[in-house]
Every structure is written in structure tokens, then in C-alpha cells.
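S.K.: Chains A and B, in that order, are what the protein sequence lines are. This note's numbering applies: residue 15 is where the first sequence begins, and numbers increase by one. This note's numbering applies: residue 773 is where the second sequence begins, and numbers increase by one.
Watch out, some of these pointers could steer you wrong.
[What the hints assert, rightly or not] Across the chosen pairs, the derived CB separations fall in these ranges: (1) A:G83 with B:P1181: 56 to 64 Å; (2) B:Q912 with A:G210: 51 to 59 Å; (3) A:K373 with B:G1239: 47 to 55 Å; (4) B:P1181 with A:L202: 23 to 31 Å; (5) B:A1447 with A:S201: 44 to 52 Å.
Derived by calculation from the structure, the hints in this document are not laboratory data. It should be emphasised that the depicted structure is a prediction, and the values quoted were computed from it without experimental measurement. We put the CB at the ideal spot given by N, CA and C, even for glycine.
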Amino acid sequence: MTPLSRRQMLRTASCGFGYLALSGLAGAAPADLALRPPLQRARARRVIFLNMSGGPAQLDTFDYKPQAGKTPHAGSIAEFRRRGASGLWISDLLPNLARHADKLCVVRSMTADTSIHAQSMLQLHTGDRLRPCPSLGAWVAYGLGTDNQNLPGFISFNTAKPAEYAAAQLPAIYGGTPIGINGEDMSLATLADIRGDHLPPSLKRRQLDLIQSLNRGHQNARGEDAQLDGVIQALELGFRMQTEAPDLLDLSREPRVVLERYRVGKNHAVGTCKASDFGRQCLLARRFCEAGVRFIEITHGSWDQHTDHRRDLTANCATTDAPIAALLDDLDARGLLEDTLVVWGGEFGRPGLTPGKDKDQTGHQHRAFTFWLAGGGVKAGHAHGETSHDGSSVVDGAVHFRDLHATILHLLGLDHDNLAVVSGGRRIRLTGLQGGRVVNEILG
Amino acid sequence: MRFVPVPLLLAAALPLAAADMTPVQRAFFEAKIRPALVKYCYECHSQTADKVGGNLLLDAAPEMLAGGDSGPALVPGEPDASLIVQAVRYDGLEMPPKKRLPPTVVNDFIEWVKMGAPDPRSEPVNRAERAPQEPLWSLQPVADPPPPAVRAAAWPRDPLDHFLLAALEQAGQAPVEDADPAALRRRLNFDLLGLPPPPDEEGDPRDPAYIDRLLASPHFGEKWGRHWLDVARYAESNGNDGLSRNASFPHAWRYRDYVIAAFNDDLPYDRFLLEQLAGDLLPAETPAQRDRQLVATGLLALGAKPAKAMNDNFEMDVIADQIGLVGSGLLGLSVGCARCHDHKTDPIPTREYYALAGIFRSTETLWGAAARQALTAPQTALHRLQTAAPAPPRLELEPVLLANPPRRPPAAPAFPQPPEAALAMGVREAKKIEDCKLHIGGEAKRFGASVPRGFLSALGGHEAAPGPTQSGRLELARWLTRPENPLTARVFVNRVWLHLFGQGLVATPDDFGVAGARPSHPELLDHLATRFMREGWSVKRLIRALVLSRGYQLAARPGEHPLFGHQPRRRLEAEAIRDAMLAAAGELDRQPGVGSLIQGRDVLINELPPLHRPSRQRSLYLLLLRNAMPPELTPFNLPDATAVTGSRDRATLATQALYLLNNPFVVGLSQRFGARVQAAAPGTDARVRFAYRSTFGRTPTDGEMQQARDFLREADLMLASTAQDEGPAGRSDAWAAFCQALLSASELRYVD
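Extracted from the complex, chain B is given alone in its bound form (with noise of 0.2 Å):
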């Protein structure tokens, strides 16, 4: 693709062109400019060059105009705000690198610019031939394209059926037979509500109204949600900040909350997006909408924020996290690159980074106190919701915060708010709407020239620039949502068929940029992403359609099919792996989870003791703190909360096996398992079947139930040898052990 940069400051300033030059100015270039950029210039700036430098060309004025990877070059009339002016003065940029020019030159220089850079070498460059690049793939519109022809014309049941077989068809294989019904259940329920079925439930998983249940259920925001939150990297505390400072952040749960009411009401994620980005600036018709679109906005605040504590960067690193998040979660692009060079694969100039930090530089990130502690982020205010109920401190975390007071007192709250006052992390428009200046190389104190506000042109219809009174976050939002981007729709229905196929059509969900994996289904891909868009970005109608398709429904084999031709074994997520123990020991609490643990504390959680506490809440209401996640949930490969995380790493680890085997939460519940078995049925084999349908939803086979009578009896007597005084207190019982192993045993944590 031909990318060239366009020249944002033509209309505010222009070069004199040839026409309008006067014999003196033009006298002027030729003795003193064009030798001078000639000699000293030309080896490193210029179409002859072997490698130019910062990508910037000096030999053509609209290339000064267009410039390099730090910005134009000059700002006709301008010295002071001159690159090129700056670079041969030695003030901040070093031009030439090897030796300073005689000032005489220099001057010369600083008097061709004031007088407006008249140059007559007006023909543009054709950059195209110094950098061909194949068409990105992913920046071409999204098609529509027919689902193709297959041969075995019975077997689709849904157009994305199409796609999948032809595929298969044409590669001569086949797909696998269909799942059975119990397979089926269990598949679709960990898939949309991440609970395991009711055991002694029966309704026919194929049909429609079935699905349609399920996607009733409050659950199934929960589940969803949970795959939102890890692409807004969301936690409960800023993380290590580098100096070792992890501030709380009380308020972040209304945002969980938020993002689960939003799926489970089915917000069309055009809609969803709006108000994530934007939702202050959206006009609302009920004071409860107005609350509800400023808690979307907490999407911008939670990200991991370095210490302010001698860190001239600090703001554009909140920055940084923003346009990261944009870029990679819903654009599945790496913007982030672009701060500090053009991006070296992807068509992202530096110059547009700055358009977008220029957004959120007028606007004001609202994260809260930071635990009111110095070094770390400033205190800010959060936005006051008008109908939310307020959330006082708990009581549970009172006497370890008693017992460990901050070892710095925290400073006096910046902004006071009554208790009463119920609060939430976002932001909102800054005092001063104002572009961001180019910063060379990312660093904070060497800047180009200012860069108005905008997007990236490689995605089209950037053209609407923000007004001077808008930071630009509104008119962001609708550019990111439009029919004609061609990334956010895409990057979005592939996150979702990830979720339900095991890997994705793009298996680099968050990056869909020349460095990442091409689609193993172009069109599938597209097909999805149109009519996405065409059923009004509803996502409960996209997972309808996914898990109603023939492709979906297939068996499970072990491995991944390139091709989509089986289901894979999929190892369930951290949280459906508790949120499945607890069900089966017949603990699991199905009730939202209110507020968090944290809240009303403004707190260091690196000065305190581990603060999570034993719940049988759903585990996506645990305490969710950077760097102190849950140990409940860290052996199966939590995300750190610090990136955008599309894709979870499933790996499996000797660490696993030892929680399993000693995590006091296991354990615990293996020992209230193990009572309740022992309650509900008289005599050894009911209680193994309960225990067994209890986790597996499935009657233990007779080798099974003669192994388990096997276990029990030797376990008595292992247990029975060792005497009572001589084990610590807690210790379990054989069927205790018993429950343990089934809760430990990997049909439990895998779903075919």
C-alpha cells in the first residue's frame, strides 16, 4: 500500500512556491540553502542516499513539508518551531550528527525559514518506489462475499458453515462427526455462562430455544464480560509502579459491573464502544444513564501507570496505555510503536500517534487518589454518580488495615467527597483543549512540531478532524465505529470465535497488523464481521449464529484443527475452573458479586498482607489486584492485567499440580465436598455416584466405582494407622482425599 503522509500544517502555513517567489528569495535558496543542504545534508537526507535518515528527504520542499519520523521539518516563518532550525542550532536534535555547521550557515538557515522557506523544488518525491510494501491485508474494506459452494451440500447448517467446509473440501479432508448431546451441554455452558451444566439437566443442547436460555442468563455477562476485561486489562490496583507502589483502585468494580450489565443487555458493541470511550459526552435521557456512561469511561483510567516520581514522561505513559489499548484491543494494531519512530511495518507515522496522544492530552484521566501517597500518580478526581448507592469501606479488611498503618501518612485528600458520595474512575474533557506536540523519539523533552488532533489515515475517514473546543474522544469513538473501518469489526468477531473455536481466524487476535498472523478464513472472516455489522453489532446474535453453526457443534478431538474440521479439548479458564470446583462441592454462591473488598480503601497493597479472603462468589468478583492476584486463580495462567491480553497462555506447569494437591482453598473444599457426600446418600457406591455426578455430571463406570471403593478402603486404613494426635488439625478424611482427587482429576478442568 502507497502511504503518504499529508502534510497537516499546509493550511496553516505555507512554503512559498516557485510562482510566488520574489528573484531575491529564490537568489537566496539557490547561494546559500541549496548548496549548503546539498553539502552537509543530502548524504543521509536524499533520494540518493543508502539509507535516509529518520526517514526524513531533503531534497524536495513537500518532503521538508511532509518530513520524517520526528515530524516536518520546518514550519515556514517559524524558526523558533523549525526542526531543521532546532537540529543545526544543536538545541535538542544534533544536525549535522559529526560536526556543527559555522554559524554563518546556520544563520542562514534561520533567515530562510523566517522569510517563509521559498524553494523552488517543488516536484514531490515518489516515496511509493523507496519503501514498496504489499497491501495489508487487513486495512482493505470488509467484503461481503457469498458463502462459496460445497459439495456436500446437507451438511452446512448456518452461511459460516459454508466457508468452514469448503475449506476442508478443498484441502480433501473432512469434519469429524457431530458432539454427542452431553458433550454438547457441558461445551455450551462452560462457553457461554463459564459454569458447568446442571447435572441432572436434560433439555436438547441443539436446539435453538435451548441456546436461547442460555443466552438469557445473568451468567452469560459474567462469562463475557470476563473476556472484555482482559482486553481492558482491567484490576483493582495500579500495579507496581516502578517503585515498587501498588495504589488501590476502589472504584474500579462499577466498571466490571458495567461491562457484565453491558452483555447481558446486549449493548450493540458500536454502542458499547461509544460509551467506553466517550460516555461523558453523551447525552443522557435518565440521571441512571448518565451514571451508568460515566462508569464506561473507567475503561481509559484503570491502566497501569508508572510512578510520577522523576518521570518526565509521565503523562504521555497514561497516554501511551490509552493509545495502546485503542490501538491493540479494537483496532488490533500496535500504535504504541509510533511514539517514538513511524511504525517500521505497519502504515502508522509517528506524526499520527501525536494526532491521537493529542485526544487524550485534552483529556483529563480521572484515577482516583493513588492511595494519597507522594512519588506515586497525583491524586485526581473521579466522577460523582448522582443515582449509584455508595460503597462504604468493608469491615472484613479493617483489622489487617488497623494492624498495618501506611508508613507514610497519605497527604490530605485532594479532592474531598462526602462519605455518602458514590464514585467511579474514568475521565472526562480537559480544562485546556490542545494538540500534543511530536515528541522526538518519545522522549519528554525534545519536541517537533504541534500535531492536530486526528486518527490514522491508513484507515480512512480521517478527515474529521475534532473541533478546537472537543478534545476529539467522541468523534474518535464514531471513527472507530463506523461500517467503513475496516479493523474494528473484524478484530472483534475474531475475539469472539476465538473464545468459541480455540483459536482464531486470526490467531494473532491482537494484532492484525503486517507483523501478524494472516486470517486461515479471509472471507469466513469477513463474512462474520459484515453481517456483525449488519444485525446491528449485536453480539449475543453473533455467538447465536456461531454456536447454532454445524462447525461449532462438531466433536472434540485433542489438538487444534487448522482448519476448524474438529473441536479442540480446551482446558477451561482460571475462573471456570474454580467457579466449576465450588459448583461441584455444591458451595458455588451464583449471586453477582456487590462491590469488591477494596472499595472505600485507598490503600498500598505492597505494604500489606495478602488481602483476599475466602468466597464462593463467581471467581470474577475475587479481588483482582495487579502483582497480588488471587492465588486461587494464578496457577492456570491469569493474565498480569498490564497489556491487552486476547489470547490467554494455557500452558501446563508442575506449579499446577501443586496447587491442586495443597492449595488450602482445595483442600478446604475438598474436606466440605467430602461431608456433603458423606450427608447425602447411606453406603459407599450412592455417595460415589453423587460425588460423581456432582463433578462430572456422569455415573462413575464399574472399574470407577470398584476404584474408588479401593481408594476409600485403603485411605481408612492409611488414615487409621496414623494416629489422630500425631496429624496437625485439618487434616481431611479419606473421603475428603477422595473428593480432592475428583476435584484434581482433568475432566473437571477440560471440555471437549
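Here chain A stands alone, though its shape is the one from the complex (with noise of 0.2 Å):
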């Protein structure tokens, strides 16, 4: 960054936000990207978040229900074993991700409030399901800043609602920047207008500065305007994208086996299985991971297979697995695994099948399902909480999404307690009113 910039930058971020309140952090009330160190220990440095939007069904993949009794009840279809030195019991579904069991950290007892895709999903992203707040990756940004001043500080690949990925009320430069809107061709998502040559760079530069002088003098003439401090930041944040964004965007040096690895372009789209394009999606997480994005989504659905439920799982199982591994694989070889924090889940789980009936169909089910998290300081090889034996209830361990929200935040050095805006008289938290529990167990 040119120091001009930078002082650029801080003079905004002085002149506007005077209404956030701010604790928990070291220092003023932010409003830029610039690196903040966490206020306590942080055992992760960034997320990765694998959005598995609609439902996946855990009862298939990691939380083993086996026929028990003599009356049929609800459990699992896929088959499954025990995999690698901790014993984790793993799908036959899931081959490659099965490789690193002893990486997973798997939660089979979270529950959620709702089971109406909507308003849990933005309920996963926000802490709200109903009224708009900052999105997760926001709040992450907006308490540690970001490594690489050139990138946004949270990246949304193949989003679906722009609610999901919001500053709302943060400062708009903690927002995600999306790259890739559901229904799209993911093969070919980009960030748009990236480059431009009809200026020199020099000239570019100096013409950043005219535009923002004049989106000062536009917002000095009524004083402090938030909206228009996000319009400064983002313009500046814009321009900056450009000297990176490029290059980490173009697969096209990556070594043919590389891509074999990832599965990047193999698009197989089933039932409710969209082409996500999800092995891209996989390698361009780990590539702007390691180019210091704080937090990176990415999305694969719909997992929502109410009708041929065998066929469309199998589907959405195959498309995700070896890309997931291939992260693992290189995150670990990259020795990024150790402080970068792995999220895998949606926004709720589904009730199992029952052996010998004839039905192919599955529903909605908020009150058990699974997610799993791997690197970033969790305990590795374990699963924690216990389900009933048709998978129906959490028996042992409950983790709400309040709690996952605030484990999350605990591991990056954040206390949710803390982490807060006050906006329009009212304080605003990732954990809202009840606040969340860290969940200690799974702390490695």
C-alpha cells in the first residue's frame, strides 16, 4: 500500500463511525482493514467456511445410527467404518475426507432454532434469523482486520443472499465481497471488472484520489455520513484489489494435477446437486487463504434432497469430498492447517430413513445435526455429543449456533462478550441477547 493511501485511510476512518461503541478490542472503534492482534490467545488466524447450504444429512455422514432393536427406526443408510488412529466413525460416502479423520473435530449435537432453510441459514451467518446484523466473517474482520491490505478482509464465494454476507451495521469495508451468485456459472466466476488498462497505473492512482476528494467534499457538506465512509473504503479497497485479485483468480498456472486433485471443473449436477463448481471453489479458498484473507465461504447445494434422497446425497457427497480432502491435504502440507480454522456445515441437518420402508424422502431436522471443524486449535480426532438413537435429539453436549459462533470467535482471539456495535441505540453482538457458550470440550 502507497503510504498516501494509508493516511488516507486513517483520516477516514477518524472523521466517520462515531457512533460505534466498541469494546473488546485494543484501541478505538475500527473502521479499517489494518491488522489488530487479538486481545486474548488466538489459536486460529483465519476461517474457512464450507457453507453446505440446505441440509446435509448427517445421519449418512458422520453421526452413525445403526439399527438397534427389533423394531425399524430412523438411522442411517450409508454404510459406515471407523476410520485412522482415533476410531471416527466415517461414510462410505465420504472416501477421501475419511482419510483425515484424525484432523476432524466433528460436533453431532449442534441444534438451531428453526428448520426454515431462510431464516436458519442467515441464523448460521448473522446470529438473527430475522432482522439483518453483521454476518460472522464481518465480525471476524472487523476484530482482527486482515493480513493483506490489497484483499477484502471476508471473501463469499457462490453466495446466495446478500443478508448472509452483510456488515450491516459494521462498516460496510467488513462486509463480504462476493464472487459468484448462486445460479451462476461458478466455472466462470470472477470478480468483474478486476482490470482495466485504459489508464497508466500512475494515472489510475491519481485519479482514485480525485474521485475520493470529491466523496469528501460530497460528505463533509452534511457532516458525518456512515454510508458514504463505507462508499470511501470500499472505492480505495476496490482499487487496491486489483494489483492482487487478478493472478489469484487465474487457475491456469496451477499444475494439471493440482486441478485433478481439487476436481476443479468437474461439475456433476443431480437431483437438488448443483454444478457448484466446488473443487474451484476449494482451491481458490486455499489461495486466497494464503495470500492473507481473513475469511473465505465457500458454498455447495443444495444438500436439501427431499425426494431421492440416495441418489441426490451420493451426488452431493461426490462433488464435495475430494475437493475437501485435497484443502486438507494442502492446508496441512502448507502448515496453514495449525492456525487456520476449517468449518464444515449448513444450516440445519435431516431426519434419517427407515430401514425396509420404501420411501426415498427425507425432511428437515434443526433439533440434531452435525457440523465439523479441523485445524485452528480444536481437538483433532474427536467427536463430541451424543444424539438419540434415531438421531432425532441431542442427548449429550448441545451446541447451539450461538455457541459454535462464539467457540469461533474464541479461537481467533475474540471474546463474543465483547465484540459489539451499538447501532441506533441498540448494542449489537454475533451472539445476541442470550449470548453463546464456548464450547471448551472441543478445544484442543
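From the two separate chains plus the hints, produce the assembled complex.
M.R.: Okay, structure coming up:
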């Protein structure tokens, strides 16, 4: 970053967001992406969130429920076996991920408040299922800033709804930058207009300064204006993104063998399973992670296999299994897994099928479902929580989204109690009014 | 509110009441049925159950008939049509869930239903005690409250100002000062026309005559029509059908033009809805009127449909889109939840969802050829118009289509039309008028009883059921627009308010249900709804009253004021940003768009390279393809046109910066703007003044003038230091760079 733009960033930061009250961070309320040290010991420095949209079937992936007793009950229809030294149960639908069993921390006892997709998805992202609130990635970027000032702190691939990556009450600069919108061809997803050679670089910089000067003049005519602060910062960030993002998005120099391992371009749409080019997303996640982006979300859907459960579940697993395994391989090999927290899960799960019944349909199950985490300071080769014999309820160790959020922030060295803003007279934090509980049992 | 489901089947098949029962029948019930119900069913289906399964009670005869989420438990005399029999047979439904009943008990149930389900348990259950609910505010009748007294009696100009000021005074707050004329002029022009005021205009924006001139402009319909197109989830292609196929809608633009004309002609809103839901069923005095009314029904055909292939639910998915539109778009109720279960929060039982579904099932939806490709939606007919001009394919797309033939050859047209035919999407009565069976859990092949076509009982007026020979669309439209309907007017005035004040009186414009927001000014909302209906549902009169109010004409401040004590500084919508850029550069073509680039082309969009072509026309005439929206509009939060969008997202994103800095449209426009500025006047200062007036409608300050001079001088030096042959073709010069900066400045995109 040039000294000039840095100065301007600080000037901008100082003249806005007077209404933001912040505690739990060192120094004053930030409004830029500058790196900030966490206040407490951090085990993770960055997050890759594998958003499995639609409600993955936990009983056929990670929460093994064989038939018990004489009466058939809902349970696992996939074959399971114990994996690795830890002996974690993982289904045969995920053969590649199963290699990494000893890296995973499986939370089998997740619970959510609702089985309405949109609301639960919003709650998973923002802690609130009705009102607009900052997304988890935005909170993390706000709390810690980011390593690379030429890239956003939070990138969201294949996003569905803007509310899920929104900055909301936080400064706009912390909101997710979307790359590829759900429904588009993800194999082509990129940042539009990232290149422009109509002006020499020096003049582009000079032109940006002129625009920013005009914007500040517009803003100062009316005093403080958070919205225009956001415009000024977004413009600055967009400008800086031109330097690194094009190369990061360009996979043409990746060796063929790497593209193969990640299954880049292997798009098999079957039933609910969409062509998300999940391999490309995983490889891009690794590249942006290496480049110093704080929070990366990638999305595959839909796991909402109401009809043709077996066929669509198999397709969803096959589409995601190898790419995720390749991502974990690479993070591990590069020493990044140690301080990169990988989170896998969706807005809820599904009830199991009952053997002997000629049905192939599953609905929604928000009372008990599975997430897994890896790296970033969580226990490895560990299963947390227990569900009932048919997987329909949590018997032990319930973890709500609020608790998951508190735990993720904790691993990053942030305190969910205090990471808050005041907006419109309301104190807003990720874990809401009720607050969350750091799940100490899964900390390594 | 107490909501008692009406057992709709009573008239057709009454159960044998206690008095009509023979002693043998009574004995059969007491000996066989009651013990079985108690033993096997009451655990989940009685008032004593901890949690009532499927909202169904089996401990009273009226409850069994009224049924639960899946519909009535039985149809007296018809075992095969009775859910309870299907359930104990394990036929689609499986009850009791854990273990099948012994065959003898199953046969007892069949026998019992066959004899007319004699049942002495005639006392109804008080359901209200089970599910107490606060009355839903939006279902209460629309009131006509008198404007409240205020202390600052000189402040209000319109009765609505009394409501605003009273709330402010009660909160101990005062409104800010009035907007200055320049700001108000700009606000009015963008709000009513979506365009900047001409730079040299001097009219007094507080003068009602000024506002009447704006309301009479043909651009008014373009601006307010576009708001409606957001509600109508309007687009010119189907969007990804789940199998990546995205078929074009080559006739959709006729509906766009209908909407624009409707707002320009101030078609009363009740009539507007009537035409869109049932225009094909209305009498027409002229062939042109008939055409117009047919085009209006395009609303119901424009939805994004899933693939037909491997989808037993296709027909019900199309209906779900139509019901969703009526629900969220017109009533502000998420009726769609009731497809699978009684609405968890709003008083919409599943049965009534299927009462509405019957109306659309008895309606034939005409979306057209769907690119004549297998696996997408099947081909349908289209409305053939009598007076409208035909719309032959445009030559602009010929090369790209020739170079990219369909990957699979299209099927023969199932509904061939001569080339001169003018066609339109829409709906008409189906050949077969029939009620819809309830689909248990929303599934394709689990049927409950057939539900007579009808409306939502929670809104009243539902007794007027459609006759046996009509779909019921006309009746539905009349039911929606009766003055007693508590939602239709409220929802629409709130939509209008939102566009003029930056936020709605109800913050969730598409949800007036229990999960939605409560109105900030309930009495004001009712005042406006009453007035709107009393004044003949005139949209122009409503907007005129709002913009002449003191509240509207207040000065702007950053951020929203919860009580409307100031106007919020607002960012323009994507369309207006592009239009304003074109206008600033002197390139905007203000003529109405004619047809569409995609007219006459039944193609799969997903198999083609981008079809967008440079255009100087207003943005709403650009090619609006689902999943392939114009790149000139997408950065600024254009909706994806898959669902009703009452309020657009307005997030600031870094990707918007990239658009302003590098997008070929912005760069090219800046270059032409720069050339125009240089041609307009001699000398730097005069040119800068010209550029400022064109872009911001004002003269630059001294500081800004100096800044411009500095920039232009430095830019020339920088450009000179990079040799001409080094730079690529299409390089900008200093004036182009300067003009791009003006076009990218926030002042162009924000309105005070």
C-alpha cells in the first residue's frame, strides 16, 4: 500500500463511525482493515467456512445410527466404518475425507431454532434469523483486520443472499465481497472489471485520489455519514484489489495434477446437487487463504434432498469429498492448518430413513445435526456430543449456533461477549441477547 | 385471533350425527372405534396430548372432519378418500407410526367410514385454548383515524403530516428544516421519473404545478413501473431451471410495456390487479383493450420455473410461484409456507393454500416455447394479439446465434404461429376446471381430500366461492380488491411510501404477517390506505399527496430517521445510476424502448455468450435475463427476479468500485463525455464548469476548480510520459479520466 492511501484511510476512519461503540478490542473502534492484535490468545488466524447449504444428511455422513433393537427406526442407510487412529465413524460416501479423520473434530450435537431454510441460514451466518445483522465473517474482519491490505478481509464464493455476508451495522468495508452468485456458472465466477488498462497505473491512482476528494467533499457538506465512509473505503479497497486479485483468481498456472486433485471443473449436477464447481472454490479458498484473507466462505448446495434422497446425497458427497480432502491436504502440507480453522456444516440436518420402508425422502431436522471443524486449535480426531438412537434429538453436549459462534471467535482470540457495536441505540453482537458458550470440550 | 377452520366438506357429506345414529351404529362405534382411537391415536391426536401431531385431533367428530395440517381426517362414506383409512392401511401415510394396526382394526375403520362415520362425540373442541394468538394487526379492518392534533399547528401541509408530527412531538423530537429548492428538485425528479432534472431548470419544486408536470411525464411510468416489476419478479428468461437450462421469454417485454403504460395512464390499482390476474376474463370494448388485458396476465406466467424432467411436482411448483406472488406481492403474506403445513405463525391453513391452488390449477399458464428443448418446461400456447404489432427477431443477435447453434436441435413447435403473429405470455381458463387435492406435506403423490376452490378465510369475504365453470381467478381478483380486504391497500401504500421516504411504515414490505415488522405509524398507514381507496385507488393522487407533504419535503441527513424527522440521504437504484451517467454525458436516449433484443428468439441463454449490447436507452429497457443480468446494472444490487422484491438491498461493496474504475461502459462513456466537454467550450475553466453542470447540476466551487486544473495538468504529464505506442488501444485522455472521476463520484449516485 502506498503511504498516501494509508494516510487517507486513517483520515477517513477518523471522521466517521462516531456512533460505533466498541469494547473488547485494543484501541478505538476501527473502520479499516488494518491488522489488529487479538486481545486474548489466538489459536486460529483465519477461517475457511465450507457452507453446506440445504441441510446435509448427518446420519449418512458423520453421525452413525445403526439399527438397534427389533423395531426398525430412523437411522443411517449409508455404510459406516471407523477411520484412522481416532476411530471416528465416517460413512463410505466420503472416502477421501475419511483419510483426514484424525484431523477432524466432529460436533454431532448441533441444534438450531428453526427448520425454515432461509431463516436458519441467516442465523448460521449472523446469529439472527429475522433482522439484518453483521455476518460472522464481517465480525471477524472487524475484530482482527486482515493480513493483506490489497484484498478484502472477507470473501464469499457462490453466495445466495446478500444478507448472509452483510456488514449490516458494521462499516461496509467488513462486509463480504461476493464472487459468483448462486445459480450462475461457478466455473466462470470471477470479479467483474478487476482489470482496466485504459489509463496508466500512475494516472489511475491519481484519478482515484480525485474521486475520493470529490466524495469527501460531498460527505463533508453534511457532516458525518457512515454510508459515504463506506463508499470511500470500498473504493479504496476495490482499487487495491486490482493488484493481486486477478492473479489469485487465475488458475491457468496451477499444475494439472493440482486441478485433478481438487476436481476443478468437474461439475455433476444431479437432482438437488448443483454444479457449484466446488473444486474450483476449494482451490481458490486455499489461494486466498495463503494470500492473507481473513475469512473465506465457499458454498455447495443443495443438500436439500427431499425426494431421491439416496441419489442426491450420493451426488452431493461425491461432488464435495475429494475437493475438501485436497484442501485439507494442502493446508496441512503448507503448515497452514495449524492456524486455519476449517468449518463444515449447513443450516440444519435431516431426519434419517427407516430401513424396510420403501421411501427415499427426507425432510428437515434442526434439533440435532452435525458440524465438523478442523485445524485452528480444535481437538483432532474427536467427536463431541451424542444424539438419541435415531438421531432425532441431542442427548448430550448440545451446541447451538450461538455456541459455535462464540467458540469460533474464541479460537481467533476474540471475546463474543464484548465484540459489539451500538447502532440505533441497540447493542449488537454475534451471539445476540442470549449470548453463547465457548465449547471448551472441543478446544485442543 | 381465533381461527376455526371451516369444514368445507360438510355440505357434501355429513357424518351421521348422534341423533341420526342407529343403535347398531352407536354400538359399533363404542365397541370398535372409540377403543381403537383411545388406544392407538389419542397419545398424539387428542387434547391431552403433549404435542398434537399434525395439528389433528381425533377426540371429537367435528375435529376429525375439520382435520389438521393434511386436511380432513375422513370423508364420511368414502373410505378410499379418507386420510385415516389411508393412514392405517400404511398407504402413503403411515399411522400409527411405530406399528401397523392389526388387520381387523383396519377393517373396522374402513367399515365405520363406509357406514358414514357415525360418531356421538359431537362437542367441538375449543382450539383457541390450545393455540392462543394475539390478533394479527394487519388483518384488522382498515380504519379511518382522524389526523391527530399537534402543537406546532402551522407545520403540517397535508393531513398525513399530522400523523408524522404527532409521533415526533410525542417522542420529544422536531423535524429538521425544509429541503432547499435545488435538493428538492433533484429528489422529485429522481423519485418520480428516475432521472436527474435538466441542469438549467428553474421551476419551483414546491409548486403543485411543478409536481403535476412530473406526474404527467411519460418517464413517470418508467420509474414507477420498474418498482412494480420488482414485485412482479419480472425477467425475460426463465433462469436456471436446476438443470442449468435458461430458456428465453421472447414476449415478456409486452408485459413490461403494459406496466409502464398502466402507471402513466394512472390505471386505478384495483383495476390494475384485476387485469393482471384475470384480464382474459374481462369484457373488452375494443380489440386493443382485449390485447392489453391479455398482456396484463403475463404477471402470472413470468415466474422462474424448475425443470419438468424428473419433477413430479412441476405443475404445483408453477402454482407455488403464482400463489407466492399473490401472497407476498399483493397481500404481504407468506402463503407459500402452507403448501406443506399449516402456517406456523400466520392464520393460513394448508387447506386454504390448496383452495387457492385449485384456482391456478384450473388456469392454463402460457409461458411459451421454453426454447423448444426437451427437459425444460413443456411448450405451451401463447396469447395471440389482434392489434399489436408483430415483433420479428432483431438482426443484432443474428451473428452470435448463428455462431452458437443449440447443442440439441429444438423440437418442432407444438403451437406453430405465422411469423406475423403478435404473441404474449399470460394465462387463460384451463380446459378442465377442477379443485385441487391437498398434497400432504407438499409432496407430489400423497393426496388428501380435494379442497373446493376459495380464498383465505382470515381475510374475510371468502364465502363467495367460484362457480363450477370458472377457475375463480376473476373472483380472486375481486376478493383481493374489495375495500374490506385489510391487506391489499395497506401493502401497496406502504410500497409507495418506502420508495419516497427511504423506508416503509412497515419495514418488511413483503411480510405483514406475524413474523414481519409492526408498523411504525399504524394510524398513518390506515389513513393512507383509506384515502387511497376513497380516491379511486389512484396511484398518481397518492404519490402527489405524499410528495406535497411537509414530511416528504424535509431536508436530508445521513441515515434513516425512525420517525421520519428528516429524509435519509439515499443511493440511487442501479437503473437510475446508469441513466444518470448517460444523462450527464449527454447520451441518454429518452425515447421509450421498443420491444426487446430477445424478441422472437426462443433460445437457451445458458448456451450463448453474453447477449447484452451497448445501449443508450433507459436501463429498464435493457435485456433482463435471469442469471445473466446486464453487467451495467448488476454491481448496484439489482434483484435476481426470482421472488417478490419490495425493498432492494443497498449494500456498499468493493465490487462497485471495480465497476466505476474499469467497466467498459463507464470507461467508454467517460471518453465520449470527455470529448463532448472539450467540444463544448474553449478553455479549461469553462469546460470544467460544463462538466460539473452536466454531472451534478451545479457550478464547481473555487477549490474544486483548482483541484480540476491540477488534475488535468498532472494527467497530461503522466500520459505524455508514457509513450503513445506503449499504451493499448482505447486509452483515455486527461479529460476522459476527469469525466470518469465525476461520473464515479458519490454525488451523482446519492440523492438528498
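S.K.: Each of the hints needs a verdict: does it hold here or not?
M.R.: Results for each hint:
1. A:G83 with B:P1181: 56 to 64 Å: holds, 57 Å
2. B:Q912 with A:G210: 51 to 59 Å: holds, 56 Å
3. A:K373 with B:G1239: 47 to 55 Å: violated, 39 Å
4. B:P1181 with A:L202: 23 to 31 Å: holds, 26 Å
5. B:A1447 with A:S201: 44 to 52 Å: violated, 39 Å
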